[in-house]
Amino acid sequence: MKKLINAPDKVVDEALAGMAAAHPGLITLHTEPNFIVRADAPVRGKVALVSGGGSGHEPMHGGFVGRGMLDAACPGAVFTSPTPDQVLAATKAVDGGAGVLHIVKNYTGDVLNFEMAADLAKEEGLDVGAVVIDDDVAVQDSLYTAGRRGVGGTVLAEKICGGAAEAGADLASLAALCAEVKASVRSMGLALTACTVPHIGKPNFALGEDEMEFGIGIHGEPGRKRVTLEPADRVAEMLMAPILADLPFKPGDRVLLFVNGMGGTPLIELYIVFRAAHEIARRHGLTVARSLVGNYITSLEMAGTSITLLRLTDAMIAHWDAPVLTPSLRWGA
Amino acid sequence: MADALDVAVLTEWLKRAAATINARQAYLSELDAAIGDGDHGANLARGFNAVIAKLGTPADPAILFKTVGMTLIGTVGGASGPLYGSFFLEMAKAVQGSAALDAAAWPRVLAAGVAGVVARGKAEPGDKTMVDALAPAVAALNAAAPLADTLAASAAAARQGAEATVPMIARKGRASYLGERSAGHPDPGATSSAMLLAALAEAAG
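First to last, the protein sequences are chains C and Z. Residues in the first sequence are numbered from 645 upward in steps of one, following this note's numbering. Residues in the second sequence are numbered from 76 upward in steps of one, following this note's numbering.
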């Protein structure tokens, strides 16, 4: 294991301290339990958005805390869900009197811990809603599994709902908007390398020089199948085909195309994938109205990419374009 | 030999459970590495060690169970934190006002705990989860038998239930993404549940 760390059991705490030191005007870090809130929380009269999950996916979710996006993020240990006391403390800290929406990725641990926190918050009289994002088309047989995983679509849901919350949406309409994003977004990912969880010390699967793992989640878990490495244009086709067929996306749809890096793939390669995905979308008759390219929901140092496609409405476009000021996503503010 | 589960016996249960989980931590993590993410042993050991540190001398079984549940929820993480937490919190509700639980009272209490796990995790028997050890443990209880005998029968049923998860294909949790590749391994959660019920039988035996 070759990492810039001091000790495996200090990774999360030290990274959070570094983040807080780097962005004092944007976010405030609470410890014991760990959670990050926007610097001006709670915002009176605004619905608060809270997300969270295991660490190791940076910048998600802590990097998306700030004006126009999340009010709080709860980081767990690396690839381990946060606990309900973290989520409850964050929920209470950001509640501005208009209720709190939890945006949860569909992983069993995340779902159970957020549900439990929401139950506890409701017992204390808070108004809490939740939407579980499950956009990963790699999981085919969702009847016989824990269901589709929440991946890249989560980033888009957090930005769009963040914009709407800032514009004054109430809890019910915000939950409805988040559910609409969830219903309109699909993703698929692929790894060129595995990744190493610091406290485990070795990768949990091995890929040959000429292999890639197709249909991965974001925890270094194995994917749908192992296939031979292909050129970027072919990789984009392999990821786009199941996404397009699943919703399905239809000619004339306006979409947001999001090409995400898994942490270890340089931006130059992500743009090559974006170029190909953009061309495939165009050939399919889609209008790529908005785009995002970069490392936003990662799996530590894993090399690879995921593609996310969201069918846009006018409201989603307006909330996507709205000002955002967070450590890792900022425009117009 | 105890004829009822009072605070002293229940405290002994948790100490034995913590000792077993610490001793079998590597084994549980190994089971989890095969079909999950390899941290079940470490997570549970962290949780039960926190329970022992926090327990003190609770006034009654309800307070004891609530402390255990809240501590596990706050320290274990993953899916097993809320599931084991719900198990103990629901038992806490079920023993409200009782100083001790005899063989006639225990089936209702354990059933409430297991119902809490089912409500939280929405797993059914056969999904390759904790429920595959816990549900048989409830079914094997006999309210008319001596306490030590019924707890021993319950623990044996849990162990058999955990062993029966080996050929199952997981339908809940992260193992479910492996599909047929999840068969051939015991479920880590069912295995740790069986360990807990074995520790209870020992504490009362």
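In short, the hints are calculated from the structure, not lab data. Beta carbons are placed, not taken as given, at the ideal position from N, Cα and C, and that holds for glycine. Some hints here could point you the wrong way.
[Claimed, not checked] Covered stretches of chain Z (in silico footprint by chain C; criterion: 3 or more residues with CB under 8 Å from a CB of chain C, positions within the stretch not fixed):
| id | region |
| --- | --- |
| 1 | 84 to 96 |
| 2 | 105 to 115 |
| 3 | 167 to 174 |
| 4 | 248 to 260 |
[Said to hold, decoys possible] Derived DSSO-like pairs: lysine-lysine, alpha-carbon spacing no greater than 27 Å straight-line:
| id | chain 1 | residue 1 | chain 2 | residue 2 |
| --- | --- | --- | --- | --- |
| 5 | Z | Lys197 | Z | Lys168 |
| 6 | C | Lys766 | Z | Lys90 |
| 7 | C | Lys654 | Z | Lys197 |
| 8 | C | Lys846 | C | Lys869 |
| 9 | C | Lys846 | C | Lys647 |
| 10 | C | Lys766 | Z | Lys197 |
| 11 | C | Lys766 | Z | Lys168 |
| 12 | C | Lys646 | C | Lys894 |
| 13 | Z | Lys168 | Z | Lys141 |
| 14 | Z | Lys141 | Z | Lys90 |
| 15 | Z | Lys90 | Z | Lys168 |
| 16 | Z | Lys90 | C | Lys736 |
| 17 | C | Lys736 | Z | Lys129 |
| 18 | C | Lys894 | C | Lys846 |
| 19 | C | Lys654 | C | Lys846 |
| 20 | Z | Lys141 | Z | Lys129 |
| 21 | Z | Lys129 | Z | Lys168 |
| 22 | Z | Lys197 | Z | Lys141 |
| 23 | Z | Lys129 | Z | Lys90 |
| 24 | C | Lys646 | Z | Lys90 |
Status of each hint after checking the structure:
no.	hint	in the structure
1	84 to 96	violated (count 0)
2	105 to 115	holds (count 4)
3	167 to 174	violated (count 0)
4	248 to 260	holds (count 6)
5	Z:Lys197 - Z:Lys168	holds, 20 Å
6	C:Lys766 - Z:Lys90	violated, 33 Å
7	C:Lys654 - Z:Lys197	violated, 34 Å
8	C:Lys846 - C:Lys869	holds, 21 Å
9	C:Lys846 - C:Lys647	holds, 11 Å
10	C:Lys766 - Z:Lys197	holds, 21 Å
11	C:Lys766 - Z:Lys168	holds, 18 Å
12	C:Lys646 - C:Lys894	violated, 46 Å
13	Z:Lys168 - Z:Lys141	holds, 8 Å
14	Z:Lys141 - Z:Lys90	holds, 16 Å
15	Z:Lys90 - Z:Lys168	holds, 22 Å
16	Z:Lys90 - C:Lys736	violated, 34 Å
17	C:Lys736 - Z:Lys129	holds, 25 Å
18	C:Lys894 - C:Lys846	violated, 43 Å
19	C:Lys654 - C:Lys846	holds, 17 Å
20	Z:Lys141 - Z:Lys129	holds, 12 Å
21	Z:Lys129 - Z:Lys168	holds, 20 Å
22	Z:Lys197 - Z:Lys141	holds, 22 Å
23	Z:Lys129 - Z:Lys90	holds, 12 Å
24	C:Lys646 - Z:Lys90	violated, 39 Å
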